[in-house]
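Dock chain B against the given chain A, drawing on the hints supplied.
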Amino acid sequence: MSKKITIEPVTRVEGHGKVTIHMDAQGNIQQSRLHIVEFRGFERFVQGRPYWEAPVLVQRLCGICPVSHHLAAAKALDVIVGAGTGDGLTPTGEKMRRLMHYGQFFQSHALHFFHLSAPDFLFGVDGDPAKRNIIGIALTNPDLAVQGVMMRKFGQEIIRATAGKKIHGTGAIPGGINKNLSIEERDEFLKGADPLNADKMVSWAEEALDFFKKYYFANKDFVDNFSYFPSNHLSLVRKDGALDIYHGVLRAVDADGKKILNDIDYQEYDKYIEEEVRSWSYMKFPYLKEYGKDKGWYRVGPLARLNTADFIPTPLAQKEFEAYKALTNGKPNNHCLHMHYARLIETLHAAEMIRELLHDPDLLGDDLVIKGEKQKEGVGLIEAPRGTLFHHYRINDNDQIEMANLIVSTTNNNEPMNKAVNNVAKSVMTGKEVITEGMMNAVEVAIRAYDPCLSCATHALGKMPLELTLVGPNDEILDRKRSH
Amino acid sequence: MNQKPSILIFGYGNPGRQDDGLGAAFIERMERWIGENEWSNIALDTNYQLNIEDAEQIAAYDLVYFVDATIEPVEQFSLTKVEPSDAKVEFTMHAVSPAFVLNLCQKLFSKTPETWLLHLKGYQWEFEEKLSEEAKNNLEAALDFFQQHMIKKLNNSN
Chain A
1 MSKKITIEPV TRVEGHGKVT IHMDAQGNIQ QSRLHIVEFR GFERFVQGRP
51 YWEAPVLVQR LCGICPVSHH LAAAKALDVI VGAGTGDGLT PTGEKMRRLM
101 HYGQFFQSHA LHFFHLSAPD FLFGVDGDPA KRNIIGIALT NPDLAVQGVM
151 MRKFGQEIIR ATAGKKIHGT GAIPGGINKN LSIEERDEFL KGADPLNADK
201 MVSWAEEALD FFKKYYFANK DFVDNFSYFP SNHLSLVRKD GALDIYHGVL
251 RAVDADGKKI LNDIDYQEYD KYIEEEVRSW SYMKFPYLKE YGKDKGWYRV
301 GPLARLNTAD FIPTPLAQKE FEAYKALTNG KPNNHCLHMH YARLIETLHA
351 AEMIRELLHD PDLLGDDLVI KGEKQKEGVG LIEAPRGTLF HHYRINDNDQ
401 IEMANLIVST TNNNEPMNKA VNNVAKSVMT GKEVITEGMM NAVEVAIRAY
451 DPCLSCATHA LGKMPLELTL VGPNDEILDR KRSH
Chain B
1001 MNQKPSILIF GYGNPGRQDD GLGAAFIERM ERWIGENEWS NIALDTNYQL
1051 NIEDAEQIAA YDLVYFVDAT IEPVEQFSLT KVEPSDAKVE FTMHAVSPAF
1101 VLNLCQKLFS KTPETWLLHL KGYQWEFEEK LSEEAKNNLE AALDFFQQHM
1151 IKKLNNSN
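Protein chains in written order, with our numbering: chain A, 1 to 484; chain B, 1001 to 1158.
For the record, the hints were derived by calculation from the structure and aren't laboratory data.
Be aware that a few hints might be false.
Result set (DMTMM-like, lysine to aspartate or glutamate): computed pairs, CA atoms no more than 20 Å apart in a straight line [to be verified]:
id: 1; chain 1: A; residue 1: LYS331; chain 2: A; residue 2: ASP254
id: 2; chain 1: A; residue 1: LYS165; chain 2: B; residue 2: GLU1056
id: 3; chain 1: A; residue 1: LYS165; chain 2: B; residue 2: ASP1045
id: 4; chain 1: A; residue 1: LYS376; chain 2: A; residue 2: GLU356
id: 5; chain 1: A; residue 1: LYS426; chain 2: A; residue 2: GLU437
id: 6; chain 1: A; residue 1: LYS131; chain 2: B; residue 2: GLU1083
id: 7; chain 1: A; residue 1: LYS432; chain 2: A; residue 2: ASP126
id: 8; chain 1: A; residue 1: LYS166; chain 2: B; residue 2: GLU1028
id: 9; chain 1: A; residue 1: LYS419; chain 2: A; residue 2: ASP294
id: 10; chain 1: A; residue 1: LYS200; chain 2: A; residue 2: ASP210
id: 11; chain 1: A; residue 1: LYS165; chain 2: B; residue 2: GLU1031
id: 12; chain 1: A; residue 1: LYS166; chain 2: B; residue 2: GLU1031
id: 13; chain 1: A; residue 1: LYS200; chain 2: B; residue 2: GLU1056
id: 14; chain 1: A; residue 1: LYS166; chain 2: B; residue 2: GLU1129
id: 15; chain 1: B; residue 1: LYS1136; chain 2: B; residue 2: GLU1031
id: 16; chain 1: A; residue 1: LYS166; chain 2: B; residue 2: GLU1056
id: 17; chain 1: A; residue 1: LYS376; chain 2: A; residue 2: ASP265
id: 18; chain 1: B; residue 1: LYS1111; chain 2: A; residue 2: ASP126
id: 19; chain 1: A; residue 1: LYS319; chain 2: A; residue 2: GLU207
id: 20; chain 1: A; residue 1: LYS166; chain 2: B; residue 2: GLU1128
id: 21; chain 1: A; residue 1: LYS259; chain 2: A; residue 2: ASP210
id: 22; chain 1: A; residue 1: LYS293; chain 2: A; residue 2: GLU275
id: 23; chain 1: A; residue 1: LYS371; chain 2: A; residue 2: GLU53
id: 24; chain 1: A; residue 1: LYS165; chain 2: B; residue 2: GLU1028
id: 25; chain 1: A; residue 1: LYS165; chain 2: B; residue 2: GLU1129
id: 26; chain 1: A; residue 1: LYS419; chain 2: A; residue 2: ASP24
id: 27; chain 1: B; residue 1: LYS1081; chain 2: B; residue 2: GLU1114
id: 28; chain 1: A; residue 1: LYS376; chain 2: A; residue 2: ASP294
id: 29; chain 1: B; residue 1: LYS1130; chain 2: A; residue 2: GLU53
id: 30; chain 1: A; residue 1: LYS295; chain 2: A; residue 2: GLU276
id: 31; chain 1: A; residue 1: LYS166; chain 2: B; residue 2: ASP1045
A quick note: this is a predicted structure, and the numbers were derived from the prediction, not measured.
Next up, chain A with everything else stripped away, as it sits in the complex (with noise of 0.2 Å):
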C-alpha cells in the first residue's frame, strides 16, 4: 500500500513539469519522480531540409536559451563542411562565437541568480511565496535588483552585437560567422558608461558572489545538507583540464573524482553514452555505456564543470575556484545548493571571458569562414549555461539533413533531478499528509538548482500552473494543491 503525492507542474520552471511523490502507508517515501513531456518532434521536423539552415532552424526549439542551440548546431555543420570539429575555424569565427557564448552565459546566468535562487535566499525556502521574486528583492534590496536586470541586459547586447538580432540569430554559420564586431561596438562594451561596459559586469559578478558567500557560510549546514548526494560528473573541459564551455575534450569523473571517461573526441559521443527510455517518463535517461543504467548516470552544469575541470584560466575566478575547491578538499562537490555557487564563478569567469575576449583584435578581422572537404555526419557539443549540449546530423547526397539527434542539458540531468526531488521529499514530506507551500517550494529549490529548461527538453509551448497531488495507499487522492 503506498500513497502518492504529484506535484503539476513546477513553478518557475519553463514547460511541463510534474513530480509524483510515492509514500508507504506509513508515511515513508518511497519514490519520487519526475516526469517531463519530451517531445522528440524536432529531430524529424529538420530531416529533409538543407543542413546549412539547421543553426536558424535549431532556434525554434526554445526561446530561452537560441544562442546555445545555435552554437551546437553550427559546430555540428562545421564538421560537415570541413572546417574541423570545432578548433579549425579562423580566430576572428572563432572569437566571435565564444564571445556570443560568454554573453549568453552571462545573461543566463544573472537570471537565474538574480530571478529564480537568490529569493529563496533572501526571503527562506519557506518565506512569503509573494516576496519570493525579484519584485520582492527589488523592494528590500533595490540595489542588488538593479545589478540583476543590467546584467542581464549587458549579456543581451553582447548576443546582439555578435548573432545579429535579438530573434532567429545568424552569427554563426557552417564554417565560421558572419559578421565581426566592430570598432564602436567594441568600444561600446569595454568604454560605455556605467554600468554597461565589462569593468563593471566583472566588479558586479564579484559583488553576487560575494553576496552567495556571505549567505552560505551563514547557512552552511542548511546549504551543504540540502539533497546531498555522490553522482558522476560530465562536462566539456580544455585539453589541458581547462574549463572551457566552448571547445574541448569530453570528461566525466566519479563522486571520488577518479576519471571515468577520460577526455575524449565528442565526435564518438554515441559510442560512450546511451539514452534509457523508463515507461513512466517521456524524457530519456542517459547515461556511461561502460558503467551501465545503475551507475553511468551523472550530472551535468555549473557542478560538474568545476568538477571536471582542473583550472579556470582567468585570474578571478581561478582565485574563487581555489577556496571552492578547498571546501571538498579538492573532492568533486556533490553538495546540490552549491550549484548556485559554481554558477556564480562561472558567472564571474564569463565577464571576465568577455573583457578578454574584447581587447582581441582578432574580433575585428576580416576573415570569417573556412571550408574544406564535405563530410557526411558531424557531432556539435558545448556547455550550455544548464550543461552539455550535443546536436548530431547526418547529411545525404542532396545536403538535406537525413538524421538529427540532440541531447540537451536538461535531459542529461534527468536522473540527478529525480534524485534530487526524492532527497528533498524524504526530508521534508515523510509522514505528512497536507502539503504546505514550503513544501512545493523546497522540492522547486531542489529543481531550480538545475535551472532546467523543460521547454528546451520538452520543446513544448506554454506556461503551467503547479498542482500537487497527494494519493492514499488506494491510489486515492488525499490532497492537491495549485499554486496559481
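Okay, now just chain B, sitting in the frame of chain A:
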C-alpha cells in the same frame, strides 16, 4: 504644441512556432507603416519573450504597447490596459508577463509608463515559420485597428 509622447511597441513570441510569431509579424508590418509616416517618436522591438531587463527598457518611454499571440478566447485581437501586477511568482522560470515587467519598472526605476497589451488570437503552434490563415486575418484586423488607434493617440497629444 505638446511634445509627442515617446512610444515603444514591443512584439514577442517565437516566429519559428507558427502563430506564436504574430508579435514579431505585427512589428515587421508596423515598421513599414511607421517609416512611411516618419514618426520618429515610435520605437519598435521584438524578442522571443519578455524578461526582467525589459523593465529598464520601458522606463525610457511614456507609452508602451506589448504585442503577443494568445490562445485565450478573444475575437481576433484585444487591447487591454496593463497594471503593475502583485509581486507573485511567475509560472515559468525564464520569462515574465507584461504586468510583471511594469511592476519591476515601477519598483526599480520609479517609472510607470502607460502600458497596453495587444493580444492577437493564434491557432497553430507547430515548428514552422508560417502564420495560419486565421492568424493572418487577425493580424490584418489588428493592424487596421491599431494604426487608427495610433493616429488618434498622436493627434490627441498635439
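We went through each hint and held it up to the structure:
1. Between LYS331/A and ASP254/A the CA atoms are separated by roughly 10 Å; this keeps the pair inside 20 Å, and the hint holds.
2. Among the hinted pairs, LYS165/A with GLU1056/B is consistent with the structure: their alpha-carbon atoms are about 19 Å apart, no more than 20 Å.
3. For the given pair, LYS165/A sits about 10 Å from ASP1045/B by alpha-carbon distance, which is consistent with the 20 Å threshold.
4. Restraint check for LYS376/A and GLU356/A: the C-alpha separation of about 36 Å exceeds 20 Å, so the hint is violated.
5. The straight-line distance between the Cα atoms of LYS426/A and GLU437/A is roughly 16 Å, inside the 20 Å bound, and the hint therefore holds.
6. Proximity of LYS131/A to GLU1083/B is assessed by CA-CA distance (about 18 Å); at most 20 Å being required, the pair is judged to hold.
7. Between LYS432/A and ASP126/A the CA atoms are separated by roughly 16 Å; this keeps the pair inside 20 Å, and the hint holds.
8. For the proposed pair LYS166/A and GLU1028/B, the alpha carbon gap of about 14 Å is at most 20 Å, so the pair holds.
9. This hinted pair checks out: LYS419/A and ASP294/A have alpha carbons roughly 12 Å apart, not beyond 20 Å.
10. A C-alpha spacing of about 15 Å is found between LYS200/A and ASP210/A, which places the hinted pair at or below 20 Å, so the restraint holds.
11. The hinted pair formed by LYS165/A and GLU1031/B meets the criterion: a straight-line CA distance of about 16 Å does not exceed 20 Å.
12. At most 20 Å may separate the alpha-carbon atoms for a hinted pair to count; LYS166/A and GLU1031/B meet this at roughly 16 Å.
13. A distance of roughly 17 Å separates the Cα atoms of LYS200/A and GLU1056/B; the hinted pair therefore holds under the 20 Å criterion.
14. A threshold of 20 Å between alpha carbons decides the hint, and for LYS166/A with GLU1129/B the separation of about 16 Å falls inside it, so the pair holds.
15. For the hint pairing LYS1136/B with GLU1031/B, the CA-to-CA distance comes to about 17 Å; that is within 20 Å, so the pair holds.
16. Restraint check for LYS166/A and GLU1056/B: the C-alpha separation of about 17 Å stays at or below 20 Å, so the hint holds.
17. Between LYS376/A and ASP265/A, the direct Cα distance comes to roughly 18 Å. Compliance with the 20 Å bound is thereby established for this hinted pair.
18. Simply put, LYS1111/B and ASP126/A have alpha-carbon atoms about 31 Å apart, too far for the 20 Å limit, and the pair is violated.
19. Of the supplied pair hints, the one linking LYS319/A and GLU207/A holds, its CA atoms being roughly 14 Å apart against a limit of 20 Å.
20. Restraint check: the Cα-Cα separation between LYS166/A and GLU1128/B comes to about 18 Å, which is no more than 20 Å; the hinted pair holds.
21. As the CA atoms of LYS259/A and ASP210/A are separated by approximately 31 Å, the hinted pair breaks the 20 Å bound.
22. With a C-alpha separation of about 9 Å, the suggested pair LYS293/A and GLU275/A falls inside the 20 Å cut-off, and the hint holds.
23. A distance of roughly 16 Å separates the Cα atoms of LYS371/A and GLU53/A; the hinted pair therefore holds under the 20 Å criterion.
24. With a C-alpha separation of about 14 Å, the suggested pairing of LYS165/A with GLU1028/B holds against the 20 Å cut-off.
25. The hinted pair formed by LYS165/A and GLU1129/B meets the criterion: a straight-line CA distance of about 17 Å does not exceed 20 Å.
26. For the hint linking LYS419/A to ASP24/A, the alpha-carbon distance of about 18 Å falls within 20 Å, and the restraint holds.
27. In summary, the hint linking LYS1081/B to GLU1114/B is supported, as the alpha carbons are separated by about 8 Å, within the 20 Å threshold.
28. Restraint check for LYS376/A and ASP294/A: the C-alpha separation of about 34 Å exceeds 20 Å, so the hint is violated.
29. Taken as a hint, the LYS1130/B and GLU53/A pair is honoured in the structure, with Cα atoms around 16 Å apart against an allowance of 20 Å.
30. A C-alpha spacing of about 13 Å is found between LYS295/A and GLU276/A, which places the hinted pair at or below 20 Å, so the restraint holds.
31. Straight-line distance between C-alpha atoms of LYS166/A and ASP1045/B comes to about 9 Å, which keeps the hinted pair within the 20 Å bound.
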